[in-house]
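Let's have the full structure, built from the sequences with the hints guiding it.
There are 2 protein chains.
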Amino acid sequence: MTKLTLTSLLLLLPLIFIVLTSAPPTIASEAATKGYSKSIPRFLGKFAYPNRGKPFQYETRYFEQRLDHFSIADLPKFRQRYLISTRHWTGPDRMGPIFLYCGNEGDIEWFAANTGFVWDMAPRFGAMVLFPEHRYYGESMPYGSRDKAYANAASLSYLTAEQALADFAVLVTNLKRNLSAEGCPVVLFGGSYGGMLAAWMRLKYPHIAIGALASSAPILQFEDIVPPETFYDIVSNNFKRESISCFDTIKKSWDVLISEGQKNDGLKQLTKAFRLCRDLKRTEDLYDWLDSAYSFLAMVNYPYPSDFLMPLPGHPIKEVCRKMDSCPEGTSVLERIFEGVSVYYNYTGKVECFQLDDDPHGMDGWNWQACTEMVMPMASSRESSMFPTYDYNYSSFQEECWKDFSVKPRPTWITTEFGGHEFKTTLKVFGSNIIFSNGLLDPWSGGSVLQNISETVVALVTEEGAHHIDLRSSTAEDPDWLVEQRAFEVKLIKGWIEDYHQKRNSVFSI
Amino acid sequence: MTKLTLTSLLLLLPLIFIVLTSAPPTIASEAATKGYSKSIPRFLGKFAYPNRGKPFQYETRYFEQRLDHFSIADLPKFRQRYLISTRHWTGPDRMGPIFLYCGNEGDIEWFAANTGFVWDMAPRFGAMVLFPEHRYYGESMPYGSRDKAYANAASLSYLTAEQALADFAVLVTNLKRNLSAEGCPVVLFGGSYGGMLAAWMRLKYPHIAIGALASSAPILQFEDIVPPETFYDIVSNNFKRESISCFDTIKKSWDVLISEGQKNDGLKQLTKAFRLCRDLKRTEDLYDWLDSAYSFLAMVNYPYPSDFLMPLPGHPIKEVCRKMDSCPEGTSVLERIFEGVSVYYNYTGKVECFQLDDDPHGMDGWNWQACTEMVMPMASSRESSMFPTYDYNYSSFQEECWKDFSVKPRPTWITTEFGGHEFKTTLKVFGSNIIFSNGLLDPWSGGSVLQNISETVVALVTEEGAHHIDLRSSTAEDPDWLVEQRAFEVKLIKGWIEDYHQKRNSVFSI
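Just so you know, the sequences run in chain order A and B. The first sequence begins at 14 in this note's numbering and counts up one residue at a time. The second sequence begins at 14 in this note's numbering and counts up one residue at a time.
Among the hints, erroneous ones may be present.
If chains are identical, the list can't say which one is meant, so a pair holds when it fits in one copy or spans any two.
What the hints assert, rightly or not - DSBU-like mimics (lysine-lysine), calculated; alpha carbons at most 30 Å apart, straight line:
no. : residue 1 : residue 2
1   : Lys437    : Lys189
2   : Lys516    : Lys421
3   : Lys441    : Lys507
4   : Lys90     : Lys421
Simulated from the structure, these hints should not be mistaken for laboratory data.
Quick look at the structure:
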């Protein structure tokens, strides 16, 4: 009876929607051009926030923030929600550290529930745990309500990364002052877009935070810093490394899909073949559904069974390909595809039909961000990608954004404000105490930092890791490399804190 | 026939108006309490911008900027003026550096004319010279005109330091891209508030600029980082070190002034005694006039004759004190005071009468900045200051700002955004390639960085230096220490550039 929707899936993995948002406006594949056009999915649609319980103990508090930190405009203040636990904190006298998770594009309770690593570490470090929510998400709504905050481009215009960082900076500075805890070191954490925020905050506010663990943070996925094909190439490689025939089946399937869709009764046949709850209206809706499944699968291509939102086996892509490849001879391409994606959308076998539609009227915060600051060029290469070939086309992207939000993207702003070009030189010379952790199966890893930059700006790369798995609670099933990765992160963070105390003492004793 | 006004003096030395803006709301001196209340002077009044000619060759260009870089709000763009000279630039192929002066609170042509050091160095370095104007000053007016930009708190609300830095960042990034000069290193310069901007820009945009010479930049003059008495104590010490009796005369004079002013015909007598062009209306106007003279004198207490705006002898405070002390016995306190300040206001002897009034209707940009972000606590100590004693009173300051601009100051914002507390630890660990140059006679030096922080964040302190003299063109009269100071600055800047090329090459050759 369970109906799975695209939206509920989109919640799962921050940043996946970027792929879709920045998705192919032009398609080179001949058949594909006929049936495909970009659609902008939403992150927090109306079904998007399941109540996942509250596995960790914290208090929920609110802090009044300026809407625009960088102007003096007399705008209405808003209440930022933050979760706080001082349960294990050793307090100001013993300089107990503060672990601050940089809330990203979603309800902060969800991030708190899924960032067990921070909670696991807190007792060992005697740390306060702080999860401030990102403005315009969850309960942290300007103008008093989500509807008013998301009313139009004017009301949305303060939804930017710099404002979010300033929120964190003002909040933690104020909190420390009130607790006479000015000397307590702050360590930043973040995954995905939250990881980007953590890294940027360490660079922009080094006086506030002594270091950052930026997990799966594609801070280089802008302009031409990495090739736009990177993301889909990595997704494709996830499949290719399991099975060439699986890769080929998927690569072939797009044209088949188009030609099926164009037949008389084609959409009806596709509706039936893919067990959709409602009649398929456009073949491209099915495209999106499949595209999402493959990209998600790559992100959660974890080496052990996971239950991030829906249950999946360990090495889920291996399982998808096994299913596709093991169909009896004569099975059609689309039948194979259906068998494969069912691993993702219906591993329990309980889903009776699939729901492709999403809340059609909502405006999503990340889509806004992707249309303004977070302009991440995406393309799909003819050779190495299993997706329909397409080039990055900024003009079409810009048009879509204008249509959706009446807004003009700022494609070069992020690198102007935070850097990115020649990042090796810059980070080497200026940055310190940042861990960029990435799993190479994660399609976002290609836009992150994969090489050590200096002694203190380090890349932790795991071959078998996927999207920010290190931030999750440790479990009995963790493979050795994950246990080691987390242990190394703990060691580095411990080093930052010791170093902080040492440098502080040496300065004060002068 | 020359009539000197307070406004024209205020132009002289950036930052002096802060003293006055943040000036004593409460006065402990018994007599003084009766006659004194804070007044807010203006920086760029109507007589404030004399045409100083154009001693250096440059082109004037304009660049379209966003009004709010940190939101997506659809605000009218504005034209930022910038001066550019590529005359000596060796160009992109030879990686010619770009010298960027961070325009501060005034017309950029005036800063260009008075920052000869940058122009002098350019040929030696094969550097491009860039003087972008600070928004809301000179010709760089949002909303099309000064009147519209300065209309009210709403129109002024984008006059902030962070926005100005983002203007510089966007401009130079764009310029470099258009010239295919992405690899050319940018070196920042700035004096006074411009020096603060240069230091902050190096900290916030290390990917854009490789180093900063921050001359006379009181980045620590916020909150309780330095004692609020610092500024006036240094002014007072300038006088005390020349002559105790001079110091005592001035210290005594405030009460005398008050009691004279309270007499029948007192204001008339003061008008006559101080040769004012118009009848004195309130004793406090004379206070301001004298206070300004002393503070300015300390800032331009240069060791050689200068003609910054008005001609002054070398060691002008020595001369002031000589005049005061050499009056015949029996000369009254106020007569001595008049003799003394005449050195400042009338060294040529050509002034027939003194004009205290300023353009009464103008709103000044710096006053706005001082009432919003640049909240610099100022006090005058009972013992070591020659000024009337007063404590820093934030409430009164806040009230004044509300009265003047309908705005509430943000006294903790600057340190949240740019740091300041525990700056030694922070700058040591994170900063690099910043020169904080200060002359100890400059009252602003007390709010700046006077100790080396690390190998690359260095303090150049000159005992006999005053307000950012190092930024001026070299002259035949320069004392040895000034010649050496500039040579050392050149050496350090050269080092930054070499280091940049070396690190860049080593990264690219990996």
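So, going through the hints one by one against the coordinates:
In this homomeric assembly, lysine 437 and lysine 189 come within 30 Å of each other (Cα to Cα) only across copies, at 19 Å, whereas the closest approach inside a single copy is 33 Å. When the C-alpha separation of lysine 516 and lysine 421 is checked against a cutoff of 30 Å, the pair qualifies neither within a copy, at 46 Å, nor between copies, at 37 Å. For the identical chains of this complex, lysine 441 and lysine 507 are neighbours both inside a copy (21 Å) and across copies (20 Å), given an alpha-carbon limit of 30 Å. Proximity of lysine 90 and lysine 421 under a CA criterion of 30 Å is satisfied in both settings, with 26 Å inside one chain copy and 14 Å between copies.
Hint 2 from the earlier list is the only one contradicted by this structure; the remaining hints agree with it.
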